[in-house]
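Visitor: Residue-level listing of the chains:
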Amino acid sequence: MDFVRKWVQALFFLITNGYWNFPVTRGIYQGPLKVICSPGLNCYSCPAATSYCPLGALQQLMAGIRLALENGQIYVGFYVIGAMGAIGSFVGRMVCGWACPFGLFQELLHKIPSPKFGIWRPLRFIKYALLLFMVFLLPLFAVDAFGFGQTWFCKYVCPAGTLEAGLPLLILRPGLRESLGLLFLNKLVILIFFIVWAVLASRPFCRTACPLGAFYALFSKIKLVKLRLDAERCTHCEACHAVCPMGVHFNESPDDMECISCLACSKACKFNAISLEVGGLPLSNQVPYRPEKAQLEQ
Amino acid sequence: MKKKKKSQPSKIRKAPFVAIFVFLVLGAVGISLGEPSRVLEQAKQICLSCIGIG
Ligand code: SF4
Ligand code: SF4
Numbered sequence: 008m009d010f011v012r013k014w015v016q017a018l019f020f021l022i023t024n025g026y027w028n029f030p031v032t033r034g035i036y037q038g039p040l041k042v043i044c045s046p047g048l049n050c051y052s053c054p055a056a057t058s059y060c061p062l063g064a065l066q067q068l069m070a071g072i073r074l075a076l077e078n079g080q081i082y083v084g085f086y087v088i089g090a091m092g093a094i095g096s097f098v099g100r101m102v103c104g105w106a107c108p109f110g111l112f113q114e115l116l117h118k119i120p121s122p123k124f125g126i127w128r129p130l131r132f133i134k135y136a137l138l139l140f141m142v143f144l145l146p147l148f149a150v151d152a153f154g155f156g157q158t159w160f161c162k163y164v165c166p167a168g169t170l171e172a173g174l175p176l177l178i179l180r181p182g183l184r185e186s187l188g189l190l191f192l193n194k195l196v197i198l199i200f201f202i203v204w205a206v207l208a209s210r211p212f213c214r215t216a217c218p219l220g221a222f223y224a225l226f227s228k229i230k231l232v233k234l235r236l237d238a239e240r241c242t243h244c245e246a247c248h249a250v251c252p253m254g255v256h257f258n259e260s261p262d263d264m265e266c267i268s269c270l271a272c273s274k275a276c277k278f279n280a281i282s283l284e285v286g287g288l289p290l291s292n293q294v295p296y297r298p299e300k301a302q303l304e305q
Numbered sequence: 167m168k169k170k171k172k173s174q175p176s177k178i179r180k181a182p183f184v185a186i187f188v189f190l191v192l193g194a195v196g197i198s199l200g201e202p203s204r205v206l207e208q209a210k211q212i213c214l215s216c217i218g219i220g
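Residue numbers (the working numbering), protein chains in the order written: chain A, 8 to 305; chain B, 167 to 220.
None of these hints come from the bench; they were simulated from the model.
Worth double-checking, as some hints may not be accurate.
To be verified - Mimicking DSS-like on lysine-lysine, the simulated pairs with C-alpha atoms at most 25 Å apart in a straight line are:
#, chain 1, residue 1, chain 2, residue 2
1, A, Lys162, B, Lys177
2, B, Lys177, A, Lys228
3, A, Lys274, A, Lys13
4, A, Lys162, A, Lys13
To be verified - Away from chain B, derived, C-beta distances all over 10 Å, residues of chain A:
#, residue
5, Lys13
6, Gln37
7, Arg73
8, Ile119
9, Leu176
10, Leu195
11, Leu207
12, Ala249
Stated by the list, open to error - Derived Cβ-Cβ restraints for the label pairs, each shown as a range:
#, chain 1, residue 1, chain 2, residue 2, range
13, A, Arg33, B, Phe183, 40 to 50 Å
14, B, Leu199, A, Glu185, 36 to 46 Å
15, A, Arg128, B, Phe183, 24 to 34 Å
16, A, Arg33, B, Ile197, 28 to 38 Å
17, B, Phe183, A, Pro181, 46 to 56 Å
18, A, Leu144, B, Ser215, 35 to 45 Å
19, A, Leu144, B, Val188, 15 to 25 Å
20, B, Ser176, A, Val11, 37 to 47 Å
21, A, Phe278, B, Lys177, 16 to 26 Å
22, A, Phe278, B, Ser176, 13 to 23 Å
23, B, Ser215, A, Leu21, 27 to 37 Å
24, B, Glu207, A, Ala149, 18 to 28 Å
25, B, Phe183, A, Gly125, 42 to 52 Å
None of these values were measured; they are calculated from a predicted model.
Note that CB positions come from ideal geometry on N, CA and C, so glycine has one too.
In isolation and in its complexed conformation, chain A is listed as follows (with noise of 0.2 Å):
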């Protein structure tokens, strides 16, 4: 399964950014498909992207909420939230596990082989609170004498920004070297810091600090997609414990708002205790446990 996992990754990094005529263009990819939702972390700012970083829109359209308004123009973000709500409620955050370009990045540098660390569990509350400041609050209501906000987590933060679209735009437009300032620095530093770390642990930045990681995770109870747990089939011998790339306890927390739906704990776990389910209906054909028809076979 993650042979089949890592190919439909591929495949979405491909589709989100499928302009491969930037080298010549040296430009972004300004077509219409940029209408469209990118459901993973992509920065609309990289020269291959073919869809939009919904992290991204959300923030221009608080940032601009004011002055939009003022023009008479009821722009409050509508279209983008429905489209991240819609993923979110039909997937959840299978997405991160399945279609994020930034998620494979960080699955491929823990393939590195070094000493392996885990993380914290409370440090994934750092990502909601980004959510929360950086892309509502912030850009909605630190505004400047114009009545514009920033978009702070792109601004100040988002690596994914800096790795697809930062440093390929300095290397095809060289001119722009001369704008570079403490700004740049500080995120060069925290990309620096995401791609060590994700060396060292696995997906140190969807655990602590994705907010739209954080955005789908709030539909990990209702989303319609999601692997369940057969407790009568679980001897909790903790084999799925190990194996998870976000530190989930799947039996211990079927829901878990970190659960990426990898599958990793359903391929581990000898006792087929874990399927995945939609709409609450099993999608594999796999038989009921019956705990009498188990005894009278051993």
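Please build the complex by placing chain B with the ligands on the supplied structure of chain A, with the hints as guidance.
Guide: Just chain B with the ligands now, kept in the frame of chain A:
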């Protein structure tokens, strides 16, 4: 020894369908207000300050 919980019987969950419907309606409201053109306008431009340059 931990006590075994009972498996939940398979039953269709309504919540995901309601949530998907609500968000699709929200998206449709956004479309009727002309938000996609605003998103497209922004996504077509390189926002240098957004990526830490300038
Ligand atoms: S948490 Fe963020 S960066 Fe990680 S996979 Fe999900 S959307 Fe991508
Ligand atoms: S709980 Fe299972 S499906 Fe979820 S992230 Fe961990 S290993 Fe993957």
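Visitor: So, for every hint listed, does it hold in this structure?
Guide: How the hints compare with the structure:
1. The suggested pairing of Lys162/A with Lys177/B is violated, with an alpha-carbon distance near 45 Å, which exceeds 25 Å.
2. Between Lys177/B and Lys228/A the alpha-carbon distance is near 15 Å, which keeps this suggested pair within the 25 Å criterion.
3. For the hint pairing Lys274/A with Lys13/A, the CA-to-CA distance comes to about 15 Å; that is within 25 Å, so the pair holds.
4. For the suggested pair Lys162/A and Lys13/A, the alpha carbons sit about 30 Å apart, so the restraint of at most 25 Å is broken.
5. Every Cβ of chain B is farther than 10 Å from the Cβ of Lys13/A; the closest lies at roughly 27 Å, confirming the non-interface assignment.
6. For Gln37/A, the shortest C-beta to C-beta distance to chain B comes to about 4 Å, within the 10 Å cut-off, and the non-interface label is violated.
7. Consistency note on Arg73/A: stated as away from chain B, and its beta-carbon is indeed over 10 Å from all of that chain's, at 14 Å minimum.
8. Chain B leaves Ile119/A outside its interface by the beta-carbon criterion, the shortest separation being 26 Å against a cut-off of 10 Å.
9. Listed as outside the interface, Leu176/A is inconsistent with that label: its C-beta sits roughly 7 Å from the nearest C-beta of chain B, within the 10 Å cut-off.
10. For Leu195/A, the shortest C-beta to C-beta distance to chain B comes to about 8 Å, within the 10 Å cut-off, and the non-interface label is violated.
11. The claim that Leu207/A lies off the interface holds: its Cβ sits roughly 25 Å from the closest Cβ of chain B, which is beyond the 10 Å cut-off.
12. Even its closest Cβ contact with chain B, about 18 Å, leaves Ala249/A beyond 10 Å, as expected for a residue assigned away from the interface.
13. Hint check: Arg33/A to Phe183/B, Cβ distance near 46 Å, so the stated range 40 to 50 Å holds.
14. Against the hinted window of 36 to 46 Å, the Cβ-Cβ separation of Leu199/B and Glu185/A comes to about 40 Å, which satisfies the hint.
15. A C-beta distance of roughly 32 Å is found between Arg128/A and Phe183/B, which places it inside the suggested range of 24 to 34 Å.
16. For the pair Arg33/A and Ile197/B, the beta carbons lie near 33 Å from each other, so the given range of 28 to 38 Å is met.
17. Distance hint check: the CB atoms of Phe183/B and Pro181/A are about 52 Å apart, consistent with the given range 46 to 56 Å.
18. Taking the beta carbon of each, Leu144/A and Ser215/B are about 19 Å apart, not inside 35 to 45 Å as hinted.
19. For Leu144/A and Val188/B, the Cβ-Cβ distance of about 23 Å falls inside the hinted range of 15 to 25 Å, so the restraint holds.
20. Under the hint 37 to 47 Å, the C-beta atoms of Ser176/B and Val11/A, about 25 Å apart, miss the expected range.
21. Between Phe278/A and Lys177/B, the C-beta spacing of about 23 Å keeps the proposed range 16 to 26 Å intact.
22. The hinted range of 13 to 23 Å is satisfied by Phe278/A and Ser176/B, whose Cβ atoms lie roughly 18 Å apart.
23. Judged by the Cβ atoms, the range 27 to 37 Å given for Ser215/B and Leu21/A holds: they are separated by roughly 29 Å.
24. Distance hint check for Glu207/B and Ala149/A: the Cβ-Cβ separation is about 23 Å, which falls inside the suggested range of 18 to 28 Å.
25. The hint said 42 to 52 Å for the Cβ distance between Phe183/B and Gly125/A, and at roughly 37 Å that hint is violated.
Violated hints, in rising order: 1, 4, 6, 9, 10, 18, 20, 25; the structure is consistent with all others.
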